[in-house]
Amino acid sequence: MTRLDGYGRLDRSRTLRFVFDDVAYTGHPGDTLASALLAHGVRRTGTSVKLGRPRGIGAAWVEDPTGLVQIEEPFPEPMLLAATVELTDGLVARSIAGRGRLAQVADTARYDRQHHHTDVLVIGAGPAGLAAAQQAARVGEDVVLVDDRPEAGGTLTGTETIDGQGSREWAAGVVAELAATPTLLHLQRTTAFGHYDDGFVLALERRTSGATRQRVHRIRAARIVIATGATERPIVFEDNDRPGVMLASAARDLLHRQGVRAGSEVVVFTSDDAAYAAAVDLHDAGARITVVDVRPAPTAPGCIERGIVVHADAVVTRAEGEEQVTGAVLGDGRTLPCDLLLVSGGWNPTAHLFSHVRGALRYDPRLGAFRPGEEVPGTQVVGAANGEWAGSTSVLWRVPGDPSRQFVDLARDATVRDIERAVGAGMRSVEHVKRYTTIGTAHDQGRTSGVIASGITAELLGRPVDDLGTTTFRPPFVPVAFAALAGRERGDLYDPVRTTVLHSAHVAAGAVFEDVGQWKRARHYPRAGEDMAAAVLRECAAARSGVAIMDGSTLGKIDVQGADAGVLLDRLYTNLMSSLKVGRVRYGVMCGNDGMMIDDGTVLRVADDRFLVTTTTGNAAFVLEWMEEWLQTEWPDLAVHVTSVTDQWAVLPVVGPRSRDVIGAVFADVDVSNETFGFMTWQDTVLDGVPVRLARISFSGELAYEVHVDARYAPALWERLLEAGRPFDITPYGTETMHVLRAEKGYPIVGQDTDGTVTPQDLGMSWVISKKKTDFVGKRSFARAENLNPQRKELVSLLPTDASTTLPEGSQIVEHRADGTLPPPPVPMLGHVTSSYRSAALGRPFALALLRAGRSRVGEVVSVPVGDRLVAAEIGPTVLVDPEGARRDG
Amino acid sequence: MQLIPCPWCGPREESEFHYGGQADVAYPDDPAALTDEQWAQFVFFRDNPKGPFAERWFHSAGCRTWFRAVRDTRTYAFLPGSPA
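Protein sequences, first through last, are from chains A and B. Residue 220 in full-length UniProt numbering sits at position 220 of the first sequence, with consecutive numbering throughout. Residue 49 in full-length UniProt numbering sits at position 49 of the second sequence, with consecutive numbering throughout.
Only true hints are included.
Partner residues aside, some chain B positions facing chain A, computed with beta carbon under 10 Å:
#, residue
1, A40
2, V43
3, A77
Here are the simulated EDC-like cross-link-like pairs (lysine to aspartate or glutamate), alpha carbons at most 20 Å apart as the crow flies:
#, chain 1, residue 1, chain 2, residue 2
4, A, K773, B, D30
5, A, K779, B, E37
6, A, K581, A, D609
7, A, K779, B, D29
8, A, K520, A, D647
9, A, K772, A, D564
10, A, K773, B, D29
11, A, K779, A, D594
12, A, K779, B, D36
13, A, K772, B, D30
14, A, K772, A, D570
15, A, K771, B, D30
16, A, K520, A, D492
17, A, K772, B, D29
18, A, K773, A, D570
19, A, K779, B, D30
20, A, K771, A, D594
21, A, K771, B, D29
22, A, K779, A, E629
No lab work stands behind these hints, which were simulated from the structure alone. Predicted model, so just to flag it, every value in this text is computed and none were measured. For each residue, glycine too, the CB sits at the ideal point set by N, CA and C.
Pulled out of the complex, with its shape left as it was, chain B reads as follows:
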């Protein structure tokens, strides 16, 4: 049971959170202008790095803030200063 650093509430148990997948995947400015392949990249493809990974988390059983955090996928450790 990890502690996850909510930027509003501070460290809380992971069972209070929902995982939101990779962060920084912006919704395309003009989806209609994208090829099927480009659109599929946005919809279906995500990184799977071994190491630091920027993720979205949602404090669903708390303040209901969506936030960004960087987690090391090798150790699961949330890297300090990551919420933004």
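For reference, chain A alone in the conformation it holds in the complex:
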């Protein structure tokens, strides 16, 4: 045990039990897994990812490139740094051989998110951050203060004095003052991991109580103070990856934070003054210290009075020992026995969050490090993060030695030799060297290796390091679990689910649902023993021979009002809408400026200055936005208002030869005869005081009525229609049957039979294009040469000649040559199958397809690859059922 009395800020009154590699240990609140392991003399945490070399704990916080462990309990997590895992009672962890292991069980914990808007965000609660937060709070600004450690105070050990007080007392005083400030939010265990545009920062809070394990704070601040301190960097020498080689500051931190003395025979290898604090403190804690300083005449503060031996103008060239360090070999060949080899090559400002917002970093030769080199508006970097510290450094990236044993990035097993290879392969930019060697791409983002890699690359290229620069830091600053980023937006909450007012009725009726955009739509209503194919055949037969009903409420509906409503629709639809009489319905098609079809639907003229426009279910939001764009940007002079009424109106199509009987029975006051209630007209009526609109619209070719009603009354009206239809065996049908019925009639579905490259003419719908209008959106494109190309793909039907194969949608269409063979590969693709179903009415499968010059080829046979087979299919017209349209009036 190397736990020292009188050191550390642990709660020693409580003991925590934990297990590492099946051995039980104890620790205390305030320990990390790393400190608790080191307290028991456990050095090794696993083996390295490529070379399988023993690795241990190399630092005391997020900068550690090596000390990765697998957590098993309380919940499995792969590859966490032992130095950042807070010890909890019952923790079970394992060493890692190269790579961790993803959890095999679902994570049941909750992750969530909070939003903050503040005047000032201070990142880091070390002395600089605390002072900044205090100052802002005192002038009444709203402040958010976040810090990634469990307690505020940064790396203050308590041996310093601030404002005449002990540093920890000073920090505790500031924290108490901040706690009493109502305009300040102080979050510990909260790592700012990404800094984005316009003062936006994401921070991850590790919760220690409550139902939420981690919380992402989304913080928008007018001013951001980055007080993230600095990170010590090592010096590279042979076998510098052995367990027991550690940053000097880490050993000091472990001593003062957790009362752990990480070794008893200690060599401190340094080119920097700050390492002497570690040497002195460890000496005072009972360790035997030898200092090796690369500088000819270091000031070596505190060493003479303590009798600490300092080898000046000397270097450590190699670490001895395999499973753990046993000695430090000096440049002159001597070996200093040790069980802990501390290294310090100076400090790097932790300026990642400054770099995230494209703040340029400049090399400072005094520090041997890159520091913020310009002003970024709204962002201030203070303290050590800005390179502000006393003491001096002699810059040394590496000592002479075998480059293949000199580790630059321990996490990636990348050595000086790898950088030599990169440079030898022609890499001249540090960004390229990074990608070639993978240095700086591990969990630690190269905190200890990045600048060294730049320095060594510069040496190899014979260029100054400030000229070469350093790699750009990008979010996240520390690894963040996807679960935390997802928050509660997973499972059912991943995307909003929209259901119609009749959803529970469909559920009760046993419907199988499909997703259409965010909507849940009833796809079919299987009876006992039926699969989808059987259910759809039955539903189709009911619609064509009796009566069937569906929930069409997801149909997009836009209320278009105003004196110029007709003008707007004339400009957006290919056909004439302003001539539509009140009480009538017209089918319309919309195209983009490129002449390609973007939506279709029916338009009901409700009044002289009012239309109800329907859109396809998936395009409702787009069409509304499309109308608004034209109205606001091109035609602000038009007096028109457009409003979505999709959710306000339920639409219930009642379809089939017996639909007239059902509608007539429910709405006794309506003359449902074809003479007074003709196709493509609508009528308003009232049922028990509730206004209802009936419209003779058919998407199946059958006699059909759309029943429109205020959505709140739809469940009751649905029941009334089912009740009235019972004598005719009224059959609820879903979207699959709807698709079959419309395809039998050759009605295209925008987005299924079209893909943004299809004109109305391609679909055989020239009749929907007005010849009277001088212009409408898309008209000019119809005259472009490509639009007139006779080889354009056109919508046709395909009938597999075996009368049994259902062609998979998306299948390609090919053709045999006259001699019966296929053309040599690549076989020309003539088009593809867009819709394909089995038809009850036809008694066979059929398909719709976009086929090159298809309409001119009706009657010919093409081939469709299905699995290993080529299925022959005859080209037909799009309308396969009731081509003369005899059924629509009943």
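Given chain A, put chain B in place with the hints provided.
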């Protein structure tokens, strides 16, 4: 996550907006009078400058205003006073 200056709502997060492409591309007065090439220029061709760029934005999850803003494509920064 940038803040975009909606002329009606003020600065809002970019996820509330839809991008509308280059601004100030007026619909031709008489499309029928244009050659195929001129028409194609209007339909398919847009500028791609390095620097200030006038764009249309739509506050789709807010007030549903279409507006014009000038953005520097090098920095993404919306230039002050640009909404019109």
